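Going by the working numbering, the first residue of the sequence shown is number 1, and it counts up by one from there.
Treat the hints with caution; some may be incorrect.
Unchecked claim - Calculated pairs, DSSO-like style, for lysine-lysine (alpha carbon to alpha carbon, straight line, at most 27 Å):
no.	residue 1	residue 2
1	Lys282	Lys334
2	Lys165	Lys137
3	Lys102	Lys179
4	Lys137	Lys102
5	Lys165	Lys179
6	Lys150	Lys137
7	Lys334	Lys204
8	Lys179	Lys224
9	Lys282	Lys102
10	Lys146	Lys335
11	Lys282	Lys242
12	Lys282	Lys137
13	Lys102	Lys242
14	Lys150	Lys179
15	Lys146	Lys165
16	Lys224	Lys204
17	Lys165	Lys282
18	Lys242	Lys137
19	Lys335	Lys150
20	Lys102	Lys165
No lab work stands behind these hints, which were simulated from the structure alone. Just so you know, these numbers come straight off a predicted model, no measurement behind them.
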Amino acid sequence: MFIVMGIVMLAVFGSLVFYQSWSIWRWLKPLHTGARKLIYTVVAAALPCTFIIAMITQNAILIAIGMYWLAIFCLLLLIIPSVQLIARLLRFTSLPRESVSKWSGIAVPVLLLALLGYGSFLAYSPVVRTYDITIPKGAQDGDSAKNTLKIVMASDMHFGILSGKDHAVRLVERINALKPDIVLFPGDILDDQIQPYLDHGIDKVMATIEAPYGVYASLGNHDKYNGHIEDIINAVEAGGMKVLYDESVTIDDRFTLLGRKDHSDTERAPLSELVQGMDAAKPLILLEHQPYDFDIADELGIDLMLSGHTHHGQIFPANFITQLVFENDWGYLKKEQLQSIVSSGFGFWGPPIRLGSRSEIVEINVTFSSPGAE
Numbered sequence: 001m002f003i004v005m006g007i008v009m010l011a012v013f014g015s016l017v018f019y020q021s022w023s024i025w026r027w028l029k030p031l032h033t034g035a036r037k038l039i040y041t042v043v044a045a046a047l048p049c050t051f052i053i054a055m056i057t058q059n060a061i062l063i064a065i066g067m068y069w070l071a072i073f074c075l076l077l078l079i080i081p082s083v084q085l086i087a088r089l090l091r092f093t094s095l096p097r098e099s100v101s102k103w104s105g106i107a108v109p110v111l112l113l114a115l116l117g118y119g120s121f122l123a124y125s126p127v128v129r130t131y132d133i134t135i136p137k138g139a140q141d142g143d144s145a146k147n148t149l150k151i152v153m154a155s156d157m158h159f160g161i162l163s164g165k166d167h168a169v170r171l172v173e174r175i176n177a178l179k180p181d182i183v184l185f186p187g188d189i190l191d192d193q194i195q196p197y198l199d200h201g202i203d204k205v206m207a208t209i210e211a212p213y214g215v216y217a218s219l220g221n222h223d224k225y226n227g228h229i230e231d232i233i234n235a236v237e238a239g240g241m242k243v244l245y246d247e248s249v250t251i252d253d254r255f256t257l258l259g260r261k262d263h264s265d266t267e268r269a270p271l272s273e274l275v276q277g278m279d280a281a282k283p284l285i286l287l288e289h290q291p292y293d294f295d296i297a298d299e300l301g302i303d304l305m306l307s308g309h310t311h312h313g314q315i316f317p318a319n320f321i322t323q324l325v326f327e328n329d330w331g332y333l334k335k336e337q338l339q340s341i342v343s344s345g346f347g348f349w350g351p352p353i354r355l356g357s358r359s360e361i362v363e364i365n366v367t368f369s370s371p372g373a374e
């Protein structure tokens with residue numbers, strides 16, 4: 001079954017690459033000479049192969065080349081059909097066909113460069129999104145300072161080759177400027193490889209985060225791709241984070257924090273088992289990388305569930321797909337008791353661009369109140 005799916009996906013991928021290459025070839029036809037034809041053919045064939053080889057070998061240089069090619073590939077999937085449609089409509093006007101073809105060929109690289117620049121800006125220039133929520137638990141009479149909690153959350157950093165040390169510095173500076181009480185990372189901290197995270201000193205940058213209650217993380221599906229789980233946890237914790245791997249901890253006797261194994265992990269414990277014996281009077285915050293099973297979390301008394309994974313689609317129109325797949329693919333959702341916040345992520349996976357989404361850090365100002373006072 002997997003072989004059949006792989007063949008189908010490869011066939012679709014190859015067809016799209018051929019469609020893009022042939023369309024560009026036709027627009028470049030006036031410039032064709034023997035040498036240029038050969039160069040174009042070699043480049044058009046080599047770049048997709050570079051991406052595939054990079055995924056297999058995990059070579060840093062090939063990954064950088066392959067991912068930027070993938071960014072261009074994704075953008076051309078939007079640009080070329082749009083330009084072709086407009087060009088066909090213009091044929092019904094009095095404009096000369098040669099002019100329409102010429103300006104279509106000019107429009108494609110102009111739009112590509114514009115979207116590539118804008119998409120890179122959205123990927124590497126994070127914003128801070130703020131949520132103010134109330135949890136009707138944990139209020140302490142006579143100590144108003146303990147009735148509030150500032151959480152700063154970031155997901156899906158995908159630290160590695162393209163989301164590197166500079167992006168980590170950007171993250172830490174923003175987090176420390178917000179002066180959080182606690183910092184939470186619900187998964188996909190690493191991008192498929194441990195070594196770039198350690199070799200580039202990203203762990204040392206992350207270790208400079210300042211938060212009185214500490215820094216906690218759960219693991220995501222990409223964190224798991226890095227090898228033995230002990231090595232992954234050691235690498236993440238080298239950055240000053242405490243990994244909760246189907247584990248919980250009570251913070252300052254005020255609230256309980258629970259971090260789950262990723263949804264893809266067949267060995268993770270049921271949530272019902274993890275919450276057994278917990279003090280139901282204390283607020284319960286769950287780190288769950290993939291935003292599934294809201295109703296189960298609601299029934300089991302989870303007060304706040306923090307997730308990532310979706311990237312809010314990362315590149316338009318994939319956001320429509322994530323909206324269909326996930327009940328809450330980005331932002332805030334309120335169930336009966338449960339409140340869910342899903343981040344679009346601080347980093348990116350694959351092409352280092354975003355369209356229709358933006359890299360973000362999430363600031364959550366929590367107020368604990370008495371039951372019925374919300």
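>> Holds or violated: Lys146 and Lys335, Cα atoms, limit 27 Å.
In response: It holds: about 25 Å lies between the C-alpha atoms, which stays within 27 Å.
>> What's the verdict on Lys282 and Lys242, does the C-alpha distance respect the 27 Å limit or exceed it?
In response: Holds, at about 21 Å.
>> For a C-alpha distance cap of 27 Å, please report whether Lys242 and Lys137 respect it.
In response: Holds, because 25 Å separates the two Cα atoms, which is no more than 27 Å.
> Is Lys102 within 27 Å of Lys165, Cα to Cα?
Replying inline: Violated, at roughly 43 Å.
> Is Lys102 within 27 Å of Lys179, Cα to Cα?
Replying inline: violated, 55 Å
> Are the Cα atoms of Lys334 and Lys204 separated by 27 Å or less?
Replying inline: Given that 27 Å is the threshold and the Cα spacing comes to 37 Å, the pair is violated.
>> With the threshold set at 27 Å, check whether the alpha-carbon distance from Lys165 to Lys137 stays at or below it.
In response: Given pair Lys165, Lys137 is violated - Cα atoms ~39 Å apart, limit 27 Å.
> Given the proposed pairing of Lys150 with Lys179, does the C-alpha separation stay at or below 27 Å?
Replying inline: Holds, at roughly 8 Å.
>> Tell me if the straight-line CA distance from Lys282 to Lys102 falls inside 27 Å.
In response: violated, 67 Å
> Does Lys224 lie within 27 Å of Lys179 when you go C-alpha to C-alpha?
Replying inline: violated, 30 Å
>> With the threshold set at 27 Å, check whether the alpha-carbon distance from Lys165 to Lys179 stays at or below it.
In response: Holds: Lys165 and Lys179 sit about 21 Å apart, inside 27 Å.
> Quick one, are Lys282 and Lys334 close enough, alpha carbons at most 27 Å?
Replying inline: Roughly 19 Å between the alpha carbons, so the hint for Lys282 and Lys334 holds.
Comparing the model with each numbered hint stated earlier shows that hints 2, 3, 4, 7, 8, 9, 13, 15, 17 and 20 do not hold.
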